[in-house]
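J.: Using the sequences and the hints given, assemble the complete structure.
The residues making up each chain are set out below.
4 protein chains.
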Amino acid sequence: MESNNHQALIQKLLNCVLACEHCATACLQEEDVKMMAGCIRLDRDCADMCTLAARLLQRDSVIAHQFLLLCEEICRLCADECGKHQHDHCRQCAAACHECADACHAHHTPVTQD
Amino acid sequence: MESNNHQALIQKLLNCVLACEHCATACLQEEDVKMMAGCIRLDRDCADMCTLAARLLQRDSVIAHQFLLLCEEICRLCADECGKHQHDHCRQCAAACHECADACHAHHTPVTQD
Amino acid sequence: MESNNHQALIQKLLNCVLACEHCATACLQEEDVKMMAGCIRLDRDCADMCTLAARLLQRDSVIAHQFLLLCEEICRLCADECGKHQHDHCRQCAAACHECADACHAHHTPVTQD
Amino acid sequence: MESNNHQALIQKLLNCVLACEHCATACLQEEDVKMMAGCIRLDRDCADMCTLAARLLQRDSVIAHQFLLLCEEICRLCADECGKHQHDHCRQCAAACHECADACHAHHTPVTQD
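Residue numbers (numbering that gives the first Met the number 0), protein chains in the order written: chain A, 0 to 113; chain B, 0 to 113; chain C, 0 to 113; chain D, 0 to 113.
If you're looking for bench data, these hints aren't it; they were derived computationally from the structure. Ideal Cβ placement from N, Cα and C applies to all residues, glycine included. Hints may contain errors.
Stated by the list, open to error - Computed list of lysine-lysine pairs in DSS-like fashion (alpha-carbon distance at most 25 Å, straight line):
id : chain 1 : residue 1 : chain 2 : residue 2
1  : C       : K33       : C       : K83
2  : C       : K33       : B       : K83
3  : A       : K83       : A       : K33
4  : B       : K33       : C       : K83
What the hints assert, rightly or not - A few chain B residues that don't get close to chain D, going by computed Cβ distances all over 12 Å:
id : residue
5  : N4
6  : L8
7  : N14
8  : T24
9  : E29
10 : E30
11 : K33
12 : M34
13 : Q85
14 : E98
15 : H106
Stated by the list, open to error - Simulated restraints on C-beta separations:
id : chain 1 : residue 1 : chain 2 : residue 2 : range
16 : A       : A105      : C       : E30       : 42 to 50 Å
17 : A       : D31       : D       : Q6        : 39 to 47 Å
18 : B       : D79       : D       : Q10       : 13 to 21 Å
19 : B       : A94       : C       : D31       : 27 to 35 Å
20 : B       : A105      : C       : D31       : 37 to 45 Å
21 : B       : V61       : C       : V61       : 26 to 34 Å
22 : D       : D101      : C       : H64       : 30 to 38 Å
23 : D       : H64       : C       : Q10       : 20 to 28 Å
24 : D       : Q10       : B       : K83       : 35 to 43 Å
25 : D       : D31       : A       : H64       : 39 to 47 Å
26 : C       : V61       : A       : H64       : 21 to 29 Å
27 : C       : K33       : A       : E30       : 54 to 62 Å
28 : D       : E98       : C       : K33       : 41 to 49 Å
T.: Rendered as C-alpha cells:
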C-alpha cells in the first residue's frame, strides 16, 4: 500500500513536471510574454523541484519526505500564479500543480486512525 | 499524431528513469554489490539522460531530437548490463531500457513511405 | 555584498557536487563496495540537492533560501557517512560537504548586529 | 594532465550554467521580454546540458565524451542568440557559452602531434 501510494504520488509529480515544461514554453510564445514572466519563473522552479522529488522518492532517499514539504510549497505558488491566467496551458498547469501539492501534503502528513 | 508520439516516448523515458532509480537503489542492497557496480553506474547515467530527454522533448527544445540518439545509446548500454543479472530489479530495468531505446530509435529515424 | 555571499556559497555548493560525484564513482571501484553502499547513496542525493541549490540561488528563486535548510541537512548526513571511511575520496568529500553545510547554515541564519 | 584538462573543462561548463541561469532570470525582467524569448529558451537548454555534462565528466561516464559534442552545439546556439542582444547579462552569457563551446570542442577532438 505504502508503495502504491508512492507510485501514485510519483505519477502526479511527473505530470506536474510535464505541465510546467509545456506551460513555460507556451508562455514564451504568447503575445503578452511580459505578463507571463512570473509564471515562467515558477514553472521552471516547479519542474525542477518535482523532478527531483520523484527521483528521491523512487530511490527511497532519507531526505525524500522532507523534500515533499518544500515541493508542496512551490507547487502551490506555481498553481496560484498560473491560476491568474486564462491560457489553456496555464489552466492545465494550475490543475496539475494543485493536484500535486495535495498529494505531497497527504504524503508528509501522518494519517490518524481511530 | 506527432504530439501523441511524443507523449508515448516521454512516458517510456520516464518509466526508464524510475526503473533505473529503483535498480540502482536495490543493487546497493544486494549481497554481491561489487558485481553490481557497473549496473549502478549505468543506471545513474541512464536515469539522468532519460530525465533530461523527457524534459527537452516536452519543452520542444531544438536539441531534443539529437539528444535522443545519445539517449538511445545509454539505454542500450544499461539494458545490456542489467540483462546480465538475475535480480528482478535488473530484469525489469533491462526491459524498460530496451523499450525506451527502441522508442528513441523510432523517433530519430525517419519513417520511409511507399 | 549579498551578491558576493551568494557567489561564495554557490562555489561551495558546486565543489560539493563535484566531490560527491567523484566519491560515488571511486566508492564503486573500491574492494569493499558493500561497506560503501551508504556513502554512494548519500553522495548521489547530496550531488543532486547541491546542484539544484546552486541553480535556484543563481536564478534568484523564491524557494532558494528554504531549500538551503534541506541542503544543509543532506550535506551533514553525507559528511558524517563519508567521515567514517579512510579513503582519500571519502575524506575529501566529507570536507567539501562539511564546508558546504556550514555555508548553507550561515546563509539561512540571520546575522544579528549590535 | 588529462585530469587537469577535465577540471578546466568542468569549470567552464559550470561557469556557463551560472551565466545561463542569470541571463534567463534577467531576460525575464527586461522591458522587451518578447524579444528575449529565444534567449530564455536556449539559456534553459544550455544550463541543463552543461550541468549534466559537468557531472558526467566528473563521474567518468562512458557517455561523457559523446555528450560534449551535443553540448558544444547547444552552447554555440545559445552564444549566437545571446550575442544578438546588448544587455550585459546577454553579452556575458554569450562569452561564457562561446568559451565553453570551444573547451568542449577541444576535448572531443583528438590532438594530433608531429
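J.: Given the range 37 to 45 Å, decide if the beta-carbon distance of B:A105 to C:D31 lies inside it.
T.: 43 Å, holds
J.: Please verify whether C:K33 and C:K83 have alpha carbons no more than 25 Å apart.
T.: Answer holds: C:K33 to C:K83 is near 14 Å, not above 25 Å.
J.: Is the Cβ of B:E98 farther than 12 Å from every Cβ of chain D?
T.: Holds, because the least Cβ-Cβ distance between B:E98 and chain D comes to about 19 Å, which exceeds 12 Å.
J.: Are all C-beta atoms of chain D more than 12 Å from that of B:E30?
T.: 25 Å, holds
J.: Take a quick look at B:K33 and tell me if its Cβ sits farther than 12 Å from every Cβ on chain D, holds or violated.
T.: 18 Å, holds
J.: Could you see if the CB distance from B:V61 to C:V61 stays within 26 to 34 Å?
T.: 29 Å, holds
J.: Looking at B:T24 again, its CB stays over 12 Å from all of chain D?
T.: 17 Å, holds
J.: Does the beta carbon distance between D:H64 and C:Q10 stay inside 20 to 28 Å, or does it fall outside?
T.: 26 Å, holds
J.: Mind checking the hinted window 42 to 50 Å against the Cβ distance between A:A105 and C:E30?
T.: 44 Å, holds
J.: Within 25 Å, alpha carbon to alpha carbon, are B:K33 and C:K83?
T.: 20 Å, holds
J.: For the hint 39 to 47 Å, verify it against the beta carbon of A:D31 and that of D:Q6.
T.: 45 Å, holds
J.: Verify the CB-CB distance for B:D79 and D:Q10 against the hinted window 13 to 21 Å.
T.: 33 Å, violated
The structure is inconsistent with hint 18 alone, although it conforms to all the rest.
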